[in-house]
Amino acid sequence: MGRITVDEQRCKGCGLCINVCPKKILKLSEDKLNDKGYSFMVCFNMDECIGCAGCAMMCPDIAIEVER
Amino acid sequence: MERNLMKGNEALAEAAIRAGCKCFFGYPITPQTEISAYMAKRMPKIGGVFLQAESEIGAINMVLGAASTGTRVMTSSSSPGISLKAEGISYIAGSDLPCVIINVQRGGPGLGGIQPSQADYWQATKALGHGDFHVIVFAPSTVQEMVDLVTKAFDLADIYRMPTMILADGLLGQMMEPVTFPDQQSINEYDKSWAADGHKNKRKHNIINSLILSPEDLEKSVQERFERYDKIAKEEAMAQCYLTDDADIVLVAYGATARVTQSAVDLAREKGIKAGLVRPQTLWPFPADHIRTASENASSLLCVEMSMGQMIDDVKLAINCSKPVHFYGRTGGVIPTPTEILTEIENISGGAKE
Amino acid sequence: MSNTEKTTKKVFTRPNALADVPTHYCPGCTHGIVHRLIAEAIDELDCLGDAIGVCPVGCSVMAYDYFNCDMIQAPHGRAPAVATGVKRAKPDNIVFTYQGDGDLAAIGTGETVHAATRGENITIIFINNTTYGMTGGQMAPTTLPGQVTQTTPYGRDTDTAGFPIRVSEMLATLDGVAYAERVSVDNIKNVNRAKKAIKKAFEYQTQKKGFTIIEVLSTCPTNWGLDPVKSLKWLEENMMPYYPLGVYKDKEAQ
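Residue numbers (the numbering used here), protein chains in the order written: chain A, 15 to 82; chain B, 92 to 445; chain C, 2 to 255.
Just so you know, these hints were derived from the structure itself, not from any lab. From the three backbone atoms N, C-alpha and C, an ideal C-beta is built for every residue, glycine too. A portion of the hints provided could be inaccurate.
A few chain C positions that, by computed beta-carbon distances, are all more than 12 Å from chain A [to be verified]:
1) His-32
2) Gly-50
3) Pro-92
4) Gly-120
5) Gln-139
6) Pro-154
7) Gly-163
8) Arg-167
9) Met-171
10) Asp-187
11) Lys-209
12) Met-241
13) Tyr-243
14) Val-248
Distance condition first, Cα-Cα at most 27 Å in a straight line; then the derived DSSO-like pairs of lysine-lysine [claimed, not checked]:
15) A:Lys-37 x C:Lys-10
16) C:Lys-200 x C:Lys-252
17) C:Lys-10 x A:Lys-41
18) A:Lys-37 x C:Lys-190
19) C:Lys-201 x B:Lys-291
20) B:Lys-291 x C:Lys-210
21) C:Lys-190 x A:Lys-41
22) B:Lys-414 x B:Lys-365
23) A:Lys-37 x C:Lys-231
24) C:Lys-252 x C:Lys-234
25) C:Lys-210 x B:Lys-132
26) B:Lys-113 x C:Lys-210
27) A:Lys-38 x C:Lys-234
28) B:Lys-113 x C:Lys-209
29) C:Lys-209 x B:Lys-132
30) B:Lys-291 x C:Lys-252
31) B:Lys-136 x C:Lys-210
32) B:Lys-295 x C:Lys-200
Partner residues aside, some chain B positions facing chain C, computed with beta carbon under 8 Å [claimed, not checked]:
33) Lys-113
34) Leu-142
35) Gly-149
36) Asn-152
37) Ser-301
Using the sequences and the hints given, assemble the complete structure.
Quick look at the structure:
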């Protein structure tokens, strides 16, 4: 079981996390933007998260915290 | 008091060590190489650092690094090498770092020659790099004065957090004169809480920086620096006056040229011409008040330089062009003789009075 | 509280040495990953109070705001000389530079080579992304043959613009170099390797072994004109063949 927390304001929507997620449970926000105008990453199925932290390791903005 | 017969360059290096200079970064260039050679010999013995850099650019940036840690640091070079250091000096000034830079001037432009010159006056006092900034420039005219001014250069650099320069020339660097060093020199300590020397988890991180992207903030930072410059201009300008009280013609000369000029003043006096000399010891700040006061009763001034005429602009400004300011100079490494200068004095004052 | 919440613990958080501020880097730029790896190495070696970073001109010029250790901003290309001055004045501090390819391998080649050959006990983190990022994507000394940049609009023609410099290989020939490794941050495995390399370089420095350099193959999505994910692929397919990953010098292994 894992859990990620995304700092929506830090996220620049680059998508590197989405690309490496083994469970494919991450996507960019579709109807919301952060204050800087970026779509930000959301986890749409946290129950599937295994807490591997791959997303966080690829995040250039250190916008993801991971619990396991 | 310890009295030694020493070469100018070596005396200067020894004085720097006694003033607490812990790091020296240099690059060989005539006619200042003895400074590096002396530092190479002495620094390892006192636990200091001597490093021969890969270039003058490397050396001045090593100075930037050591100065950032709050360490007393010096570099030396000669004219073409100072041009290479210009970038680093601008960054050092923009980062408010203290250091001492020696320029033992030689003839220019380009590779020029290796004989004494004062053709870097403009560079030293007006444009030692890009941007709005100054360095304090000292102009010694004896080996003893080189020694005395080095300590002052380190102190003022620390007090005002800015680079200071000793503007010497090949003549002073190479000549041997007796010098006296104080037996036990106390080294003044100044606040270095701004230094990037590792915060030991005891304070917020320090940043040494010259990049300010907001125009308003950059302007404010430069204006604050210029408030410091105003204080320096008021308090640190230095000059010596010689026989100026009754002088009808006031000569202005600095460095090695002042020695020759003083002889010319003596020759003129022997001929009944009331000549005097103002010798600036700081070139920035320029001792304008000294010159104005000393020439109040004179009818003209004569600026003597080993250049085509650079300091003369500041002399004219000092007296607001209220009197004729004549010029005599030799350049390219040629040293003016007292008789040449005497002839000039005679021409200006209408010949010998006896 | 559910059982899950009781038993979970944080396995990934921002390192202490990295300032808690947003960076100015473009979306997907890998500078941020490398910053984190440096900060983690500093945390793990517990040397934040002794570390002094030097960042010269380029996209990373404002890195002084991103690390919590003392920081110095250096003139373009001069970071190895500045770091030399710092280290000689304060030999017990941990001194690192963070330099791009234009900075390190063009304008600062002299400073880099001589710091290396002196065996200056500093660590250089060298970001190779084949371009001048901050000025808008001009040809760098590491731009690949045929690569289109703002100043090689028809592709880098090696007849007129010469060949890329392989920095790690070049520096590995110098006796003063204690450690030189080329790493990449294009995938999780390589990010972990990069972290190990950076930490090793810092460890060598604490052991006073000499000059260490970690070259990091990185991306510049904005100036490459590719999205961040495609940029990683481009790095793997184009940069890695020309700049093979690996340890080029390890004084301890010899």
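We went through each hint and held it up to the structure:
1. The Cβ of C:His-32 sits about 7 Å from the closest Cβ of chain A, inside the 12 Å cut-off, so the non-interface label is violated.
2. For C:Gly-50, the non-interface assignment is confirmed: its Cβ lies about 21 Å from the closest Cβ of chain A, beyond the 12 Å cut-off.
3. No Cβ of chain A comes within 12 Å of the Cβ of C:Pro-92; the nearest lies about 32 Å off, and the non-interface call holds.
4. Non-interface status of C:Gly-120 relative to chain A is upheld: no Cβ of that chain comes within 12 Å, the nearest being about 33 Å off.
5. Interface exclusion of C:Gln-139 from chain A stands, the closest Cβ pair being 22 Å apart, more than 12 Å.
6. Against the 12 Å criterion, C:Pro-154 stays outside the reach of chain A, whose nearest CB is about 27 Å from its own CB.
7. Every C-beta of chain A lies more than 12 Å from that of C:Gly-163, the closest at about 31 Å, which supports listing it as non-interface.
8. At roughly 25 Å from the closest C-beta of chain A, the C-beta of C:Arg-167 stays outside 12 Å, upholding its exclusion from the interface.
9. The claim that C:Met-171 is not at the interface with chain A holds, since no C-beta of that chain comes within 12 Å of its own (minimum 28 Å).
10. The Cβ of C:Asp-187 sits about 9 Å from the closest Cβ of chain A, inside the 12 Å cut-off, so the non-interface label is violated.
11. Taking the minimum C-beta to C-beta distance to chain A, about 31 Å, the non-interface status of C:Lys-209 holds against the 12 Å cut.
12. For C:Met-241, the shortest C-beta to C-beta distance to chain A comes to about 17 Å, beyond the 12 Å cut-off, and the non-interface label holds.
13. For C:Tyr-243, the non-interface assignment is confirmed: its Cβ lies about 23 Å from the closest Cβ of chain A, beyond the 12 Å cut-off.
14. Its beta-carbon lying about 22 Å from the closest one in chain A, C:Val-248 satisfies the requirement of being farther than 12 Å from that chain.
15. For the hint linking A:Lys-37 to C:Lys-10, the alpha-carbon distance of about 20 Å falls within 27 Å, and the restraint holds.
16. Our distance criterion of 27 Å between C-alpha atoms is met by C:Lys-200 and C:Lys-252, whose separation comes to about 16 Å.
17. The suggested pairing of C:Lys-10 with A:Lys-41 holds, with an alpha-carbon distance near 24 Å, which does not exceed 27 Å.
18. A threshold of 27 Å between alpha carbons decides the hint, and for A:Lys-37 with C:Lys-190 the separation of about 17 Å falls inside it, so the pair holds.
19. The suggested pairing of C:Lys-201 with B:Lys-291 holds, with an alpha-carbon distance near 22 Å, which does not exceed 27 Å.
20. Among the hinted pairs, B:Lys-291 with C:Lys-210 is consistent with the structure: their alpha-carbon atoms are about 23 Å apart, no more than 27 Å.
21. With a C-alpha separation of about 22 Å, the suggested pair C:Lys-190 and A:Lys-41 falls inside the 27 Å cut-off, and the hint holds.
22. In summary, the hint linking B:Lys-414 to B:Lys-365 is supported, as the alpha carbons are separated by about 16 Å, within the 27 Å threshold.
23. Pair hint A:Lys-37 plus C:Lys-231 holds up; C-alpha atoms about 20 Å apart against a cutoff of 27 Å.
24. For the suggested pair C:Lys-252 and C:Lys-234, the alpha carbons sit about 33 Å apart, so the restraint of at most 27 Å is broken.
25. Taking the CA atoms of C:Lys-210 and B:Lys-132, the gap is about 26 Å. The hint holds against a cut of 27 Å.
26. Restraint check for B:Lys-113 and C:Lys-210: the C-alpha separation of about 24 Å stays at or below 27 Å, so the hint holds.
27. Annotation: proposed proximity of A:Lys-38 to C:Lys-234 holds, straight-line Cα distance about 19 Å (limit 27 Å).
28. The straight-line distance between the Cα atoms of B:Lys-113 and C:Lys-209 is roughly 21 Å, inside the 27 Å bound, and the hint therefore holds.
29. The hinted pair formed by C:Lys-209 and B:Lys-132 meets the criterion: a straight-line CA distance of about 25 Å does not exceed 27 Å.
30. Under the criterion of a C-alpha separation no larger than 27 Å, the hint pairing B:Lys-291 with C:Lys-252 is inconsistent with the structure, at around 30 Å.
31. Annotation: proposed proximity of B:Lys-136 to C:Lys-210 holds, straight-line Cα distance about 24 Å (limit 27 Å).
32. A hinted pair counts as satisfied when its Cα atoms are at most 27 Å apart, and B:Lys-295 with C:Lys-200 qualifies at roughly 24 Å.
33. For B:Lys-113, the interface hint holds, since its Cβ comes within 8 Å of a Cβ in chain C; the closest pair sits about 7 Å apart.
34. For the restraint placing B:Leu-142 at the interface with chain C, the shortest Cβ-Cβ distance is roughly 6 Å, inside the 8 Å limit, so the hint holds.
35. Evaluation of the B:Gly-149 hint against chain C yields a held restraint, the C-beta minimum of about 4 Å falling below 8 Å.
36. The restraint placing B:Asn-152 at the interface with chain C holds, with a minimum CB-CB distance near 4 Å, inside the 8 Å limit.
37. With its C-beta approaching chain C no nearer than about 6 Å, B:Ser-301 sits inside the 8 Å limit, and its interface hint holds.
Taken one by one, the earlier hints fail for this structure at numbers 1, 10, 24, 30, listed in ascending order.
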